[in-house]
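Please take these sequences and the hints and turn them into a complete structure.
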Amino acid sequence: MSSDVRFTDFKSDKQPTWCPGCGDFGTMNGMMKALAETGNDPDNTFVVAGIGCSGKIGTYMHSYALHGVHGRALPVATGVKMARPDIEVMAAGGDGDGYSIGAGHFVHAVRRNVDMSYVVMDNRIYGLTKGQASPTSRSDFETSTTPEGPKQPPVNPLALALASGASFIAQSFASDALRHQEIIQEAIEHDGFGFVNVFSPCVTFNDVDTYDYFRDNLVDLQDEGHDPNDYEAAKEVILDSDKEYQGVMYQDENSVPYHEKHGVTEDMSEIPDGAPEDAMDLVREFY
Amino acid sequence: MAEDLNWAVGGEAGDGIDSTGKIFAQALARAGRHVFTSKDFASRIRGGYTAYKIRTSVEEVQSVVDRLDILVALTQRTIDENLDELHEGSAIIYDGERSWEAEIPDEMTAVDVPLKSLAEDAGGAIMRNIVALGAACEITDFDVEYLDEALEKRFGGKGSQIVENNKEAARLGQEYVAENYDLEHLGYSVETTDNDYVLLNGNEAIGMGAIAAGCRFYAGYPITPATSIMEYLTGRIEDYGGHVVQAEDELSAINMALGGARAGARSMTATSGAGIDLMTETFGLVATSETPLVIADVQRSGPSTGMPTKQEQGDLNMALYGGHGEVPRFVITPTSITECFWKTVEAFNLAEKYQTPVFLVSDLAMSVTEQTFPPEAFDMDDVEIDRGKLVDDDEVDEWLDAQGHFRAHAVTDDGVSPRAIPGTVDGAHMSTGLEHDELGRRTEDQDERVQQVDKRYRKVETAQEEEDWDYREFGDEDADNLIISWGSNEGALVEALDYLEDDGIDVRVISVPYIFPRPDLSEEIEAADDVIVVECNATGQFADLIEHDVLTRVKRINKYTGVRFKADELAEQITEQLSAEVPAQ
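Chains A and B, in that order, are what the protein sequence lines are.
Residue -15 is where the first sequence starts when you use our numbering, and the numbers rise one by one after that.
Residue 22 is where the second sequence starts when you use our numbering, and the numbers rise one by one after that.
Hints in this document: simulated from the structure, not taken from any laboratory.
Owing to the predicted nature of the structure, the values given are computational and were not obtained by experimental measurement.
Take the hints with a grain of salt, since some may be wrong.
[To be verified] Chain B is faced by these chain A residues, among others (derived, beta-carbon under 8 Å):
1. 27
2. 64
3. 89
4. 252
5. 253
Just so it is clear, CB atoms sit at the ideal spot from N, CA and C, and this is done for glycine as well.
Written as structure tokens, this is what we have:
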């Protein structure tokens, strides 16, 4: 790992096809800066991305990366981390990817507490398919597939994470560059599953959850003196549907990541040239 | 044909049928006898008829037959279910003190043993099955001491008292029969030898092969009959620095395994038909991202949930064609339990050499059948590892483009690109299910699209030339009658040859362990008068492929009752087919 890594080293030369003004630009910059700031370089970093506008993020970053199947980023990232505890693993995706098709994986990745960070670009809409309701859309949000609104409450991803036994829950705003980067850094440095829901506005299809809306309504937990180690306080903030918060809501100080609990320490890519020396023991077991 | 003995224990699920059978099978193996086991079980935890059958001989046995010599019946249903296989000389061990009155046909020998009372005398009613094993030893003139070793293996972990009680239970059973019955007229005796055999099933062989081949990461979701691969690896793979994750579903399992493989670990997942459906979503990603991954499908009866505890070979088309778009993959079908081991090793090598998903297609009959082998059949010195074009820090340079980017999907003559895993300096790259350029960046450029599609299929062409896509052969090489088979039917076919020989029918058997790519059988088929394809499915999926390859009609033997082929039954059907007309063109 070289100490002179700059965040631009994590940038690919592929030009993003995101709409001008998309929140994902800010989200990605924060991710790259946070990775560089935490001492990682592209050769020891693996980024797994989902599908959708947000899923393209892996294409615009430079590291070992996989752009996978819709909703399955977390299982892939889990496999990478288990095989290579020595590698920094980050998963990224959108609200549809993470909380709709991938909701089952989200619950289990959270409770498994694999040591990785998970960044969800939450724009409360499906952008790449041109503006349908997402699991975090407001219940009265009118879209092409919900002309009168979804008429069902949005998923609260933070509450879902809390209920699943999360060890780190945070929320950030793509446009608040410094705070966003700090929060992602904390997620990376957390020993376990570092979950960050990022408000990443869609300027093309969502005229409700806009930059202005978040600027006007966002409350920073740091300013409120919130203690992320206080589970009850975290619960209160997470279940408060009247306000939009940013900051680290909850962090379990005693978090032990999955691979450590299971005694996985070795780099699994290293194997002998033939069968392991004592492999005949496996046969003798059947005597 | 070998003098063999066919033994079974049957009762309700939860009666300890499986462990009782296994103990007897191990005792016979310790006595230097060959053993072939089969199981009847229902898809439920408690209740429902369950049986464990053993065929044993001093010569190799690799099939079940329609004959039962000794039956330990814990229920009337056990007797009823097996009436067809019982014969005049059969002995049936049962407990006359139990509430049911056994209805045993007159011509058979009823051996009424107070299993429960004797077990209680030895220390607990739970050992009644062991009492029955002692009784079986007496009937077959098999030294009860051979049971001791198997009992120690089974109960050693529970303390010496438990072991001693079980040994005592076996002796009480043996003595009871010796004192109360004179069964010499039945003529049963089991010869022993000095040979040392190991006893294992196909799933254990796949798990063992995986560890030997360097598989270190396994992710799976429980499903009959594949679960025992995961159970085998759990608790063993850790000894070699590996880990098993029980995923939340099959979608997750294959994606985790994909992640492990991209991180550089030899990775695997295993499931059965219904699970393969879910995993199909990710096949295309595995193939287009050129990830080496072994996916085992232990087939069971389908479609849908079908008959989860029954045999079938119905997933061949799925393995060959599953997934949208056109996806190159290898399909390997082990034909025996030893082949389950060796083909697993080969699957990992092929996966890494060609950076392609490899289907390892086994079936329920192999997964639950235990068989004896000389331990050399699994000689670990013969295991070779080929990691293909895995590049290290020094080799990366030759594969960088002018801007210093690693060409992970470089278009090469053989279709295989260099492979860098995380940590390799300057090897960082992107991979995706989207069509991509040499660097892995998505593209919709027509030329690049065609180049990448061609490149991926060129790997298959290269493999076709470089690897041996061979077959196994049995019987008379010059016979006019050719039988072709794949998967677990091989053992029954080999034994069917003996029956056919007795009837003066010469047969050549070709057993195919590779479905894609597969050996070219056109010469063999042209040289034969009659060609019959044998498989456990209704439509003849492999026969269809053969007809497609050679443009001629073949005869078919298909079984889809849920039960594997038996040697004697196969011989009969082959004889029948040989005199039948070839189906019209």
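Results for each hint:
1. 27: Status holds, d = 5 Å.
2. 64: With a closest approach of 4 Å, the residue 64 (chain A) hint holds.
3. 89: holds, 6 Å
4. 252: holds, 4 Å
5. 253: holds, 3 Å
The structure is consistent with each of the numbered hints, conforming to all of them.
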